[in-house]
Amino acid sequence: MLRGVPVDPSPTDSRDLALALALADAADALTLPRFRAADLRVDRKPDRTPVTDADTAAEAALRALIAEHRPDDEVLGEEEGGELSADGRGWVLDPIDGTKNFSRGMPAWATLVALTVDGEPVVGVASAPALGRRWWGARGRGAWASDGPATDPRRISVSAVSELGDAYLSTTDLRVFGRQGRMDRWLALVDACWETRAFGDFWQHCLVAEGVLDVAVDPVANAWDLAALVPILAEAGGRMSGLSGAGTFAGGDGIATNGLLHEAALALIGTDRG
549 MLRGVPVDPS PTDSRDLALA LALADAADAL TLPRFRAADL RVDRKPDRTP
599 VTDADTAAEA ALRALIAEHR PDDEVLGEEE GGELSADGRG WVLDPIDGTK
649 NFSRGMPAWA TLVALTVDGE PVVGVASAPA LGRRWWGARG RGAWASDGPA
699 TDPRRISVSA VSELGDAYLS TTDLRVFGRQ GRMDRWLALV DACWETRAFG
749 DFWQHCLVAE GVLDVAVDPV ANAWDLAALV PILAEAGGRM SGLSGAGTFA
799 GGDGIATNGL LHEAALALIG TDRG
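The sequence shown lines up with residues 549 to 822 when you count with the numbering used here.
A couple of the hints might just be wrong.
Simulated restraints, written as ranges between beta carbons of each label pair [what the hints assert, rightly or not]:
1. R563 <-> R589: 34 to 44 Å
2. A615 <-> P697: 19 to 29 Å
3. A615 <-> G667: 17 to 27 Å
4. A698 <-> A746: 28 to 38 Å
5. A815 <-> D573: 37 to 47 Å
6. E631 <-> A608: 16 to 26 Å
7. V768 <-> V590: 39 to 49 Å
8. A708 <-> A612: 42 to 52 Å
9. D739 <-> G688: 19 to 29 Å
10. A698 <-> D587: 44 to 54 Å
In short, the hints are calculated from the structure, not lab data. Quick caveat, the model's predicted, so the values are computed rather than measured. Ideal Cβ positions, reconstructed from N, Cα and C, are used throughout, including at glycine.
Turn these sequences into a full structure, and let the hints guide you.
See below:
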């Protein structure tokens, strides 16, 4: 269906979204059968984070599909690296976000696929087949979620919570704040909010986009962890930035909110802005 289709220069081209969704389908077909597989191979990278045979196989398959359908586009992926230019088109891939969960048999993991145009994410898909959930967004086309192929997609939007005292907050691993010497800032945000959990990784940001959570903080994050979530959040009416308040996905950390709470949350958890 996609073979030979010319690329429209518009960043909201429906064919780009169709390809991103097709990439997620291809990844799901590889990763889900390996989830909880008795012969799953788990290794460790130099930074001690786990990597499975499903991570590497999924990224290789996605790169092959991109090379087939968008041969001039750049690719940045967690497992095979790469670079994105400030100008032009590029794909950002995380074959399994939440590999620790995946390797332990916990279903909260997803493949993340983003398309960037001139350095800005304009299409994003987060596909979590073990949860039976998928989220996607594209600039000007809204943010959507589905509960499996048998259900109709539904448009999603962030919450209308406007006070931190009513906000539901999440992070990935609170120990990181201690290692960074800013546990006091995290606890100040915790104390300011109504309720706190640690749903973590992609899931917490998608839950912000759905209006289930109001604030999600990642004190450490790579570009491939966040790029796909930017269009989903933006089209749902939310906002993602670095903890400095600047940037969107490539600064090493991130905070997602419903937009209404962004400045108030940054005032407590944010880094100094320069």
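Exercise for the section: Mind listing which of the numbered hints don't hold for this structure, in increasing order? Expected result: Hints 7, 9 and 10 not satisfied by this model.
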